[in-house]
Amino acid sequence: MGDVSDAVARAFRDEWGRIISSLIRTTGDWDIAEEAAQDAFAQALEKWAVDGVPRSPGAWLTTVARNRALDRLRRDKTRASKYQEIAVTTDDEPGENHAVVDDRLRLIFTCCHPALPLEGQVALTLRTLAGLTTAEIARAFLVPEPTMAKRLVRAKAKIQNAGIPYRVPPPELLADRTHAVLGVLYLLFNEGYSATSGDDVVRAHLCDEAIRLTTALTELMPDEPEAVGLLSLMQLHDARRVGRVDGHGDLLPLEEQDRSTWDLDVIRAAIARLEAAERVGERGPYQLQAAIAACHAIAPVAAATDWARIAALYDQLVGMIPSPIVRLNRAVAVGMAVAPEAALVLLDELADELSGFHLFHATRGDMLRRMGSFGAAIEAFSSAMELAPTGSERRFLRRRIDELG
Amino acid sequence: MKYLLFICTDEATEAENATADRTAEYAKWAQEAATRGVLVGGERLRPTTDATTVRVRNGELLVADGPFAETKEQIGGYFVIDVPNIDDAVKAASMLPGAHDGTIEVRPIWEM
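Those protein sequence lines, which keep their order, are chains A and B.
The first sequence begins at 1 in this note's numbering and counts up one residue at a time.
The second sequence begins at 1 in this note's numbering and counts up one residue at a time.
Since the hints were made in silico from the structure, they are not lab data.
This one's a predicted model, so the numbers in the text were calculated from it and none came from an experiment.
Just so you know, even glycine gets a beta-carbon here, dropped at the ideal spot from N, CA and C.
Check before you lean on any hint, since a few could be wrong.
What the hints assert, rightly or not - Under the rule of at most 30 Å between Cα atoms (straight-line distance), these lysine-lysine pairs were calculated in the DSBU-like manner: (1) A:K158 <-> B:K2; (2) B:K2 <-> A:K150; (3) B:K2 <-> B:K28; (4) B:K91 <-> A:K158; (5) B:K28 <-> B:K72; (6) A:K156 <-> B:K28; (7) B:K91 <-> B:K72.
Claimed, not checked - Per label pair, the in silico range of CB-to-CB distance: (8) A:G281 <-> B:A34: 57 to 63 Å; (9) A:D76 <-> B:K91: 31 to 37 Å; (10) B:S94 <-> A:E119: 22 to 28 Å; (11) B:D101 <-> A:L45: 28 to 34 Å.
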């Protein structure tokens with residue numbers, strides 16, 4: 001029996017997104033697709049225990065789920081006529097080759113459609129593609145389950161009511177929309193990555209889901225180097241996840257982390273993947289960020305970090321994303337590569353935009369400390385402490401001030 | 001599907017903007033939409049100073065002067081278009097002059 005439930009669990013991980021995405025295309029109804037897929041997995045648990053696990057679990061589940069969906073459509077005659085009409089119109093999408101396009105790709109672009117609220121995009125991606133339950137998603141985003149259920153219902157209703165097409169966007173929209181999909185996946189990863197305490201296992205699980213979905217995306221869009229860039233970036237962070245907090249769950253700065261906790265195999269694989277993608281063409285923002293993360297990840301000790309290369313990469317990144325946060329990070333890199341005085345010049349240019357942001361003051365404090373201007377450094381760290389949003393960050397800044405005082 | 005495109009712009013600046021050029025740009029958009037067969041209708045609206053809000057609460061008719069919400073931007077006109085999906089509706093909306101200095105609200109028409 002254990003073997004059967006293992007087989008079903010494995011099939012669930014491998015096949016859920018595939019089954020749901022093809023059912024949505026053929027039925028045009030997200031709820032029927034979901035229920036039919038759930039039924040198929042429930043049946044698998046019973047049948048496989050008696051008949052044994054079929055040779056191709058995916059094909060078995062797809063057939064059972066499709067039959068369930070057709071039953072539902074037939075039973076509900078009025079819905080059937082309405083939705084069959086929709087199914088036909090989505091099938092008529094011009095310029096799409098149905099034999100080639102994986103339905104999961106249609107599904108992810110639809111889940112991440114910009115006409116949906118961002119929180120709805122994230123929830124729908126986790127529910128339909130990753131197969132997380134509403135309860136699991138609610139726990140991961142720290143909201144009550146009914147709230148999350150409502151969010152999912154609303155997102156699905158908007159897809160139907162606003163005419164969001166179930167398709168891979170046409171070429172003129174593809175670049176923007178791919179960027180939106182990558183943005184949702186990265187947000188998913190960061191939600192999980194920001195979880196630091198042991199109680200946050202569910203949230204940390206989001207990192208694994210984000211990596212799994214991004215891996216699938218790189219397989220579905222092999223010509224998209226930014227998808228590979230994002231995957232490498234996630235893995236380079238994930239490989240160092242354990243070492244970035246101390247025993248109390250407080251975040252440690254890079255130079256104080258125990259680098260022996262980093263997973264070198266994952267780091268090496270991520271870098272190899274990144275380098276292969278770089279040969280394809282111009283590097284986009286995710287590839288650049290991954291390249292920066294790689295510089296940190298391969299340094300055996302903090303002092304060996306290639307800050308000159310990091311600063312050069314940030315120069316390129318600022319050219320693409322001139323946001324104050326990217327410029328702040330560039331200032332840090334310049335400070336480390338050249339001199340803290342050079343960083344302060346760059347930081348002054350950001351004062352108007354970032355004076356309310358604790359990391360701006362923390363960075364200034366750190367540069368002033370490196371210059372030996374301890375009084376000014378303490379002042380900057382104190383400003384940072386007033387603005388810091390978490391206790392963990394306030395404790396870290398307090399420690400810095402005490403070291404100087 | 002039919003979509004209503006609300007053209008929401010700042011009336012104060014819209015008055016200055018309502019030059020012959022601007023009007024011609026809207027006319028050109030409408031002409032192109034009509035040629036493609038997606039235009040259902042549309043009008044420019046009088047400013048919100050001429051607006052009247054109608055509500056019925058507990059059986060009582062409440063008629064008030066002014067638009068339904070006081071915001072920086074007001075609905076200055078609308079088009080109804082008939083296109084296959086939201087991507088096409090958004091594309092049409094993005095080509096309206098008002099999309100550049102105001103906002104276009106895209107609302108699906110509730111087909112009865």
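Worksheet item: Which hints, by number, does the structure contradict?
Response: 6, 8, 11
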